[in-house]
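J.: Below, each chain spelled out in residue letters.
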Amino acid sequence: MLRFTLSRLLLIVPTFIGITLIAFVFIRMLPGDPVLLMAGERGVSPERHAELMAQFGFDKPMWRQYVDYIGQLLQGNFGFSFSTKQPVLTEFMARFPATLELALCAIVLATVLGVSAGILAAVKRGSWIDQATMSAALVGYSMPIFWWALLLIILFSTTLGWTPVSGRISLTQFFPRVTGFMLIDSLLSGRPGAFRSALHHLILPTIVLATIPLAVIARQTRSAMLEVLGEVYMMTARSKGLSPSRVIGLHALRNALIPVVTTIGLQVSVLMGGAILTETIFSWPGIGKWMIDSISRRDYQVVQGGLLLIAAMVMVVNLTVDLLYGLVNPRVRHK
Amino acid sequence: MTLPTPDPASDPAVDPASGTIKLDAGPAMQPVSPLVENWHYFTRSRGAVLGLGVFMAMVAIAVLAPWIAPHDPAVQYRDALLVPPAWTENGRAAFLLGTDAVGRDILSRMMHGARFSLLIGLVVVTIALASGILVGLIAGYVGGKTDALIMRVMDIILAFPSLLLALVLVAILGPGLFNAMLAISLVLQPHFARLTRGAVLAEKNREYVTAASVAGAGHLRLMLVTILPNCLAPLIVQATLSFSSAILDAAALGFLGMGAQPPIPEWGTMLAEAREFISSAWWVVTMPGLAILATVLSINLIGDGLRDTLDPKLKRS
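Protein chains in written order, with the working numbering: chain A, 1 to 335; chain B, 1 to 317.
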């Protein structure tokens, strides 16, 4: 296991360097002069221009700029937001819990519903349940989630008035931020209705963000279950006289879930992409909306830092899933 | 243990009168052409056929849009702002699916939008497929350091959430339909490169490749003529699925204001323009998304059907 872990760790080093290279090149590939870009409409005097070029190191050779950039990264400096003057890392950290809370709720919803639907479809293979589940999964998988979000808002917010349209919590609720997770903080505050408000704000974005992972997980679980159900050891388990629920719940599920774990891990990247759309539509103050706002404000240091942090995060999650996979499936790590 | 004895009377190859075997029994066993065989398996899936039907209809609408659309997609009927669909109370027969905030006919815009979405899918898949095959072929065929380098670059591209990377690329290139297509192609390309490389690695040590090499085939011929055709099945499936993701991603970029720019009737861009009417005019929001969903769904149905047809493991099971 140690060797497996080390080999995986070694493999991500070049990828990580590549990610920093992309983030580094990004700012320098933008058309136009970097200092003029930052100065925006106001313009800048030639002296101040030279001064700023030197300050940001744009006058040095490329390789030197890259080395400096890596040095800054290692010190935890991801640049500064041009519009708020705040460090990018601080801004990221302030918004990350919002995205994490949403993404966690979405992945839990997608996993619970997706795995159950997949098992049900596999066990009832060919029945109307199977066909209905898989048709629904295909629709979910093909769903333009930004449109889906608008439809849900039309139905549940504007027509039925059940859920709020945007934000994380009602504006009338004030309580101290402890963990950054609205569900936990609202409970800790002890204010009446706070938790309810947080929950109501969370429902629609969670459904929207969970839609595609849910469909993918359901399809993957079904095909993994079908594969396992055909194995010889399943026949053995059945011929031993075990009850069907035990055969499926214990013997089949355990083995079928191995590839499903990987699928769930791969959804992290999908979730981050989905978070951009979901957060924009629901005005959810997370990193997806932050990235979109920064791109439209041309706050490129934020875009650069955010790009790097998001990619690094996705990479770490995928590595963890990889290692978990090796842990539950010995065949992989002894390859 | 006894083997079951065949019943001569039920065997068409046996002459029931004499009990001898007929030499001209039944249709001759000619090999079926692969195209016919695959079509046979493809049509066994009702979903795939349905998908193909819807997709062909979309293509027909896209091609014929200028002739069959009831109105010009850009004309603003000032006396018909936000007219609801024809079947509702205040609807007008002239505007079947209603009009948008500046009085443009939604049905006509959707028909013209089909041209953009299908064009996006076609261009993106062509670029991603061609470049992915090229890169994957080189990586798999050459191997060694070239392979390692190419595959690391692909890993790096795949490390970013695709929509985010496409957004950032569009930020560099500038918003617009063409740049959005380029960005999405780049994001989808690694999937093709990986698939091609994997297939090439599996094929390149087979005997037929060695035979061709011994017969004097050059590297280019080996790569493109000998190996590539045997790697196509997974690539066709991936191309189909990428076609639908390209349409979805382009619509998402359009929705975020980074793709096709108004007044182009691209479906995602139409949705972005419609957002503010979410509580007052549901039809402006509903219709373009329905078109995206129908198109993407039909292509995914085709993709699923193709995978079941072309994947020998699943075939006949």
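Worth double-checking, as some hints may not be accurate.
[As the list claims (entries may be wrong)] SDA-like cross-link-like pairs, simulated, lysine to any residue; straight-line CA separation at most 20 Å:
| # | chain 1 | residue 1 | chain 2 | residue 2 |
| --- | --- | --- | --- | --- |
| 1 | B | 145 | A | 10 |
| 2 | B | 145 | A | 47 |
| 3 | B | 145 | A | 60 |
| 4 | B | 145 | A | 13 |
| 5 | A | 124 | A | 237 |
| 6 | A | 124 | B | 45 |
| 7 | B | 145 | B | 201 |
| 8 | B | 145 | A | 124 |
| 9 | B | 145 | A | 8 |
| 10 | B | 145 | A | 237 |
| 11 | B | 145 | A | 56 |
Read the hints as simulated data drawn from the structure, not as lab findings.
J.: Could you run down the list of hints and mark each one as holding or not?
T.: Do the hints match the structure? See the list:
A C-alpha spacing of about 16 Å is found between residue 145/B and residue 10/A, which places the hinted pair at or below 20 Å, so the restraint holds. For the suggested pair residue 145/B and residue 47/A, the alpha carbons sit about 47 Å apart, so the restraint of at most 20 Å is broken. A hinted pair counts as satisfied when its Cα atoms are at most 20 Å apart, and residue 145/B with residue 60/A does not qualify at roughly 31 Å. Straight-line distance between C-alpha atoms of residue 145/B and residue 13/A comes to about 16 Å, which keeps the hinted pair within the 20 Å bound.
As the CA atoms of residue 124/A and residue 237/A are separated by approximately 19 Å, the hinted pair is consistent with the 20 Å bound. For the suggested pair residue 124/A and residue 45/B, the alpha carbons sit about 19 Å apart, so the restraint of at most 20 Å is met. Simply put, residue 145/B and residue 201/B have alpha-carbon atoms about 15 Å apart, close enough for the 20 Å limit, and the pair holds. Distance hint between residue 145/B and residue 124/A is unfulfilled; the C-alpha atoms sit about 49 Å from each other, more than 20 Å.
Annotation: proposed proximity of residue 145/B to residue 8/A holds, straight-line Cα distance about 19 Å (limit 20 Å). Restraint check: the Cα-Cα separation between residue 145/B and residue 237/A comes to about 48 Å, which exceeds 20 Å; the hinted pair is violated. At roughly 36 Å between alpha-carbon atoms, residue 145/B and residue 56/A are farther apart than 20 Å, so this suggested pair is violated.
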